[in-house]
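Colleague: Sequence:
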Amino acid sequence: MEPVSRSEVFGQLRKELYGQHKSVRSSVFIILGASGDLARKKIYPTLWLLFRDGLLPDDTYFVGFARSKLSVEDVLRACRPHMKVSDDEGESLSAFAGRNSYLSGSYDDGESFHRLHRHLTSLPGGEHSNRLFYLALPPTVYHSVSTNIRAHCISAGGWNRVIVEKPFGRDLQSSQELSIHLSTLFTEDQIYRIDHYLGKEMVQNLMVLRFGNRIFGPTWNRTSVASVVLTFKEPFGTQGRGGYFDDFGIIRDVMQNHLLQMLCLVAMEKPASTSPDDVRDEKVKVLKRVSPVTLSDVVLGQYIGDPAGEGHSQQGYLDDPTVPEGSCTPTFAAAVLYVQNERWDGVPFILRCGKALNERKAEVRLQFTDVPGDIFGERCQRNELVVRVQPDEAIYLKMMTKRPGVYFSPEETELDLTYRSRYKNLTLPDAYERLILDVFCGNQMHFVRSDELREAWRIFTPLLHQMEAERTRPIPYTYGSRGPPEADELVKRVGFRYEGKYKWVKPHST
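In this text, residue positions in the sequence shown follow this note's numbering: the first is 93, and each later residue adds one.
The hints are simulated quantities; they were obtained by calculation from the structure and are not laboratory data.
Ideal placement from N, C-alpha and C gives every residue a C-beta, glycine not left out.
Among the clues, some could well be false.
[To be verified] Simulated restraints, written as ranges between beta carbons of each label pair:
#1 R435 to G190: 48 to 58 Å
#2 G587 to E417: 16 to 26 Å
#3 G304 to G335: 22 to 32 Å
[Stated by the list, open to error] Pairs of lysine to aspartate or glutamate residues, derived as EDC-like cross-links and limited to a Cα-Cα distance of at most 16 Å, are as follows:
#4 K490 to E503
#5 K134 to D150
#6 K161 to D145
#7 K584 to D389
#8 K258 to D129
#9 K134 to E525
#10 K134 to D522
#11 K133 to E181
#12 K380 to D398
#13 K494 to E506
#14 K176 to D145
#15 K362 to E374
#16 K134 to D263
#17 K133 to E525
#18 K453 to E293
#19 K362 to E434
#20 K377 to E470
#21 K362 to D339
#22 K377 to E361
#23 K490 to D462
#24 K516 to E485
#25 K490 to D508
#26 K377 to D543
#27 K133 to E257
#28 K176 to D389
#29 K258 to D339
#30 K380 to D129
#31 K516 to D484
#32 K494 to E525
#33 K453 to E503
#34 K494 to E504
Construct the entire structure; sequences and hints are all you get.
Modeller: Structure below.
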């Protein structure tokens, strides 16, 4: 396969999303919380890449807004270590900097937003530009910021869109309050609730894998699938950010959003089309058939330091000075959910996520049932289809073949599509790049709708309230381990079979 440049990849993407038409309006991308970690590490670097490759609408300008009294040079200087800039891109970087401006103000002060509006109006396109507001802010200020945007900063002639970062509330009630508040200010097609996992290559590939291949259709159900495991593992702890993490915990941070979104894509029926609402309608139907999680189907863990480790691995969660003393916040969770419909009734969906584990990995794993009428003396392992989201994006099917040579015994191997081997020299776009492009194009397929959010919180809120009321103590597990052994016991109890013999072999490069 011929090498494909980054510009060719994004150029094709732009053609698919925008078509051949050029924008007739100027666009302004407003970053609220421009001095924060998310803006510095993700949003500005992403906007730079999109600008560099010519993928944003023509005449797009960038305005930062935050409480900190900074200059635009200060903001861009703080972002520079996180921006990918080659030696020959100095001129392009200067052009990007020239499109940027920054204002400081208070998030609950109408006059600050009135000044922001005056600044936006002074840019090319004036009151008739398209405006995209990115709320890179803590949820505590969403109400005041969104109210002030509506009251002072709305474009008179162009479209207005608002990107809201997770967490979308802490439970069903607070999420509903936020949704109702936003719905009084904006229509649903103006609100983009961003879950960056929906922008990842392999998560987006799940729909094509399922509905673009005949071979999977007849087996993608309770008759052939024994269990589904959705995994998210990080090899590092909170590392000084425990104070923020402690307010939410691993269930709110990962399970209730990233893993549940992947579950929907695995379990949903074929949508009528690939239009955003058709797809999201099917995801909501799945969530409506999932009962609230009970504590008996959950294992909670909290990492402790490894005395034999090095650096951060010697520190446990409670050793983080920003974590409250005696905190019961879990850094690991395994939960079993059931989708009670005709396709999936009785099949366990096992969600596992945690920090300070033995590896970095996110994947979807379907384990199929045993072959009926076994003639090989119980030497065959269950087939598994694995979609590895990160790192090293891949799809592989674990299957049995005859052991090579004079033997006539089965051996486990795989059909392997590792992207780095199959698509050489291809740089995949970052999740934020895809999603920001989607917002410019008005495509909401990979964003969370209000009814999706409501159903997701309905599933987890009773569990979260019980944990907090009873101060459920998580099981300690060592930094760098697989997590609490009790999680493996839970997974085994509901029917997932782990043999522990298979070793994935990295494909040979040619």
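Colleague: Mind checking the alpha carbons of K133 and E257 for me, to see if they're no more than 16 Å apart?
Modeller: Distance ~15 Å between K133 and E257 Cα, so the pair holds.
Colleague: Would the hint linking K258 and D339 be met if the CA-CA limit is 16 Å?
Modeller: With Cα atoms ~13 Å apart, K258 and D339 stay inside 16 Å; holds.
Colleague: Between K362 and D339, is the straight-line Cα distance small enough, at 16 Å or below?
Modeller: 37 Å, violated
Colleague: Given the hinted pair K134 and D150, is their alpha-carbon gap at most 16 Å?
Modeller: Answer violated: K134 to D150 is near 22 Å, above 16 Å.
Colleague: Holds or violated: the 48 to 58 Å window for the beta-carbon distance between R435 and G190?
Modeller: This hint holds: roughly 54 Å between Cβ atoms.
Colleague: Between the alpha carbons of K584 and D389, is the straight-line distance 16 Å or under?
Modeller: Since the Cα atoms of K584 and D389 sit roughly 12 Å apart, the hinted pair holds (cutoff 16 Å).
Colleague: For the pair supplied as a hint, K133 and E181, confirm whether the alpha-carbon distance does not exceed 16 Å.
Modeller: 19 Å, violated
Colleague: Going straight from one Cα to the other, do K176 and D389 come out at no more than 16 Å?
Modeller: The hint is violated at about 44 Å.
Colleague: Hey, K362 versus E374, does the alpha-carbon distance stay inside 16 Å?
Modeller: Holds - the C-alpha atoms of E374 and K362 are around 8 Å apart, at most 16 Å.
Colleague: With the threshold set at 16 Å, check whether the alpha-carbon distance from K134 to E525 stays at or below it.
Modeller: Measuring from Cα to Cα gives roughly 10 Å; hence the hint holds.
Colleague: Taking the CB of G587 and the CB of E417, does the distance hold inside 16 to 26 Å?
Modeller: Hint violated: Cβ distance 40 Å, outside 16 to 26 Å.
Colleague: Please verify whether K134 and D263 have alpha carbons no more than 16 Å apart.
Modeller: With a Cα-Cα distance of about 26 Å, the restraint between K134 and D263 is violated, given a limit of 16 Å.
Violated hints, in rising order: 2, 3, 5, 6, 11, 12, 16, 20, 21, 28, 30, 32, 33; the structure is consistent with all others.
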